[in-house]
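K.L.:
Here is how the chains run, residue by residue.
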Amino acid sequence: MTTSMSTHTTPSGYLLPSIHSMPPFFTQQPNPATQATVTENWTRLILSYARHRRLFYLRVEDAETKGSEWDEVLRNERINRRLMPSHMSFIMADMVSKNLAVYEPPRQTRTVLLHWRLPEEWAEVLHEWASSTAQLNTILTFYEIIEPPVPSPLSGIPATLLRRAVAILTKTNRAQVIAVADGEGVRFLPGNPAR
Amino acid sequence: MHRLGGVGIAAFDRQSQQKRSFAELSTEISQGQVDLLHAQLAQFRSALAHYAATHRDSIRDDPQFRHAFQRMCTSIGVDPLAGPRKGGWWAEMLNLGDWQYELGVQIVDVCVSTRERNGGLIEMGELVRLVSKLRGVKGGVITEDDVIRSIKTLKPLGAGYEVLDVGAGKKMVRSVPKQLDADQAVVLAIAQEEGGRVSETMLVQRRGWTHERARAALENMLLRDGLCWLDEQDPEQGVAYWVPSAMQWDE
Numbered sequence: 061m062t063t064s065m066s067t068h069t070t071p072s073g074y075l076l077p078s079i080h081s082m083p084p085f086f087t088q089q090p091n092p093a094t095q096a097t098v099t100e101n102w103t104r105l106i107l108s109y110a111r112h113r114r115l116f117y118l119r120v121e122d123a124e125t126k127g128s129e130w131d132e133v134l135r136n137e138r139i140n141r142r143l144m145p146s147h148m149s150f151i152m153a154d155m156v157s158k159n160l161a162v163y164e165p166p167r168q169t170r171t172v173l174l175h176w177r178l179p180e181e182w183a184e185v186l187h188e189w190a191s192s193t194a195q196l197n198t199i200l201t202f203y204e205i206i207e208p209p210v211p212s213p214l215s216g217i218p219a220t221l222l223r224r225a226v227a228i229l230t231k232t233n234r235a236q237v238i239a240v241a242d243g244e245g246v247r248f249l250p251g252n253p254a255r
Numbered sequence: 006m007h008r009l010g011g012v013g014i015a016a017f018d019r020q021s022q023q024k025r026s027f028a029e030l031s032t033e034i035s036q037g038q039v040d041l042l043h044a045q046l047a048q049f050r051s052a053l054a055h056y057a058a059t060h061r062d063s064i065r066d067d068p069q070f071r072h073a074f075q076r077m078c079t080s081i082g083v084d085p086l087a088g089p090r091k092g093g094w095w096a097e098m099l100n101l102g103d104w105q106y107e108l109g110v111q112i113v114d115v116c117v118s119t120r121e122r123n124g125g126l127i128e129m130g131e132l133v134r135l136v137s138k139l140r141g142v143k144g145g146v147i148t149e150d151d152v153i154r155s156i157k158t159l160k161p162l163g164a165g166y167e168v169l170d171v172g173a174g175k176k177m178v179r180s181v182p183k184q185l186d187a188d189q190a191v192v193l194a195i196a197q198e199e200g201g202r203v204s205e206t207m208l209v210q211r212r213g214w215t216h217e218r219a220r221a222a223l224e225n226m227l228l229r230d231g232l233c234w235l236d237e238q239d240p241e242q243g244v245a246y247w248v249p250s251a252m253q254w255d256e
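Top to bottom, those sequences are chains A and B.
Taking the working numbering, the leading residue of the first sequence gets 61, the next gets one more, and so forth.
Taking the working numbering, the leading residue of the second sequence gets 6, the next gets one more, and so forth.
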């Protein structure tokens with residue numbers, strides 16, 4: 061009798077790695093070396109799934125109750141296993157310690173903002189988008205960036221992440237934050253990334 | 006009284022004369038033998054070169070032919086990998102040394118890259134499958150025997166690669182220098198039969214172990230050796246142990 065650990069394509073079109081069909085993958089391991097492997101694989105899986113579905117937040121509730129947008133990954137109905145909330149908290153803490161996620165809002169540990177792109181990388185994406193769509197030197201509101209009329213790589217980006225990316229660009233004089241009528245706006249300026 | 010060697014001072018002369026003659030003759034004879042040996046060796050070499058030229062590809066590509074060849078080498082007491090220099094001319098001519106070392110490197114590659122999930126223990130069939138995959142179609146078919154032979158050539162590296170017999174004709178390859186005790190071998194054998202899953206109850210029911218003994222063996226493998234993983238959501242027992250090296254992985 062052989063149980064074969066194989067990959068699986070989810071309804072959303074995501075290819076789950078074979079380790080996801082391994083029953084003990086869902087249990088927090090008492091052996092630290094083994095758990096390091098487990099954590100690393102969960103981290104990779106979470107970030108790559110988040111990128112696939114453009115998910116920005118992961119909450120402990122997602123592991124607690126069925127019906128979240130994370131079900132495909134946090135549960136495996138084929139082998140009847142699910143990631144336990146305590147195990148997920150552990151993985152989230154590890155991701156935060158490696159800057160692969162941040163607690164958002166700060167001073168709580170139940171929700172993380174995922175860094176499937178680092179803020180530095182978002183800054184580049186943002187500047188690249190502004191220049192390729194000929195919006196340098198014009199004033200854009202945060203809302204226009206988050207909900208652009210034409211979908212962009214920035215569509216749906218959480219305001220806090222956007223603010224961080226803009227802050228990185230202002231440091232190198234590639235953006236200016238400007239007060240506008242209904243809140244904040246930003247003007248992107250040409251310029252090369254500072255080295 | 007008549008002596009063959011004569012008497013007096015002349016006898017000495019004659020004796021040394023004889024010695025010289027014998028020495029000359031002896032040199033001549035041994036020279037002849039050496040020449041003959043050289044001739045034989047040259048013939049053997051050319052025969053071997055011919056053999057190598059004709060059969061090298063078969064040896065490298067056809068596992069059955071390779072095994073027949075290796076059996077032949079063993080029966081005449083020749084190691085196709087050994088020689089005065091690295092590999093030796095035997096190995097050089099056949100290119101078998103390179104072939105064997107290359108396989109060794111691939112074995113190490115697979116063992117090391119799967120180590121984090123299997124704790125340094127891999128089932129032979131799985132190893133052969135992954136190595137074959139690494140070699141691609143051009144690498145030709147390799148078998149368990151080839152892997153075992155290559156692991157022997159890795160021995161001088163002292164990395165602790167070893168082939169373990171876990172019973173029921175199943176073999177595993179260990180790539181970390183850890184000692185497996187008899188109980189662990191039993192656990193591995195059961196894991197093999199069960200596609201990787203082992204529980205305390207299984208060991209108690211099938212091997213007549215006490216719960217304490219079963220738990221100790223499993224906990225050692227879990228905590229000390231990292232050879233198995235814990236599953237706290239097992240539908241039958243609540244808790245089960247999984248041995249990744251006994252599971253089949255489709256990458």
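Take the hints with a grain of salt, since some may be wrong.
For the chain A half of the interface with chain B, some residues (derived, Cβ under 7 Å), not all of them [said to hold, decoys possible]: (1) 66; (2) 75; (3) 78; (4) 87; (5) 89; (6) 91; (7) 92; (8) 93; (9) 94; (10) 95; (11) 97.
Because the hints were derived from the structure by calculation, they are not lab data.
Keep in mind that this is a model prediction, so the values were computed, not measured.
Note that the Cβ used here is the ideal one computed from N, Cα and C, for glycine as well.
K.L.:
Decide, hint by hint, whether the structure agrees.
P.N.:
Evaluated hints:
The beta carbon of residue 66 of chain A comes within 4 Å of a beta carbon in chain B, closer than 7 Å, and the hint placing it at the interface holds. Interface hint at residue 75 of chain A: violated, since its Cβ lies 12 Å from the closest Cβ of chain B, which is beyond the 7 Å cut-off. Hint status for residue 78 of chain A relative to chain B: holds, with the closest Cβ pair at about 6 Å, below 7 Å. At a threshold of 7 Å, the smallest CB-CB gap from residue 87 of chain A to chain B is about 5 Å, leaving the interface hint in force.
Taken as an interface hint, residue 89 of chain A checks out: its beta carbon lies about 6 Å from the nearest beta carbon of chain B, inside 7 Å. The beta carbon of residue 91 of chain A comes within 5 Å of a beta carbon in chain B, closer than 7 Å, and the hint placing it at the interface holds. With 7 Å as the threshold, the beta carbon of residue 92 of chain A stays out of range of chain B, its nearest partner Cβ sitting at about 9 Å, so the hint is violated. About 5 Å separates the beta-carbon of residue 93 of chain A from the nearest beta-carbon of chain B, less than 7 Å, and the hint is met.
For residue 94 of chain A, the suggested interface contact is upheld, since its CB lies about 5 Å from the closest CB of chain B, less than 7 Å. With its C-beta approaching chain B no nearer than about 10 Å, residue 95 of chain A sits outside the 7 Å limit, and its interface hint is violated. For the restraint placing residue 97 of chain A at the interface with chain B, the shortest Cβ-Cβ distance is roughly 5 Å, inside the 7 Å limit, so the hint holds.
Of the numbered hints listed earlier, those contradicted by the structure are 2, 7, 10.
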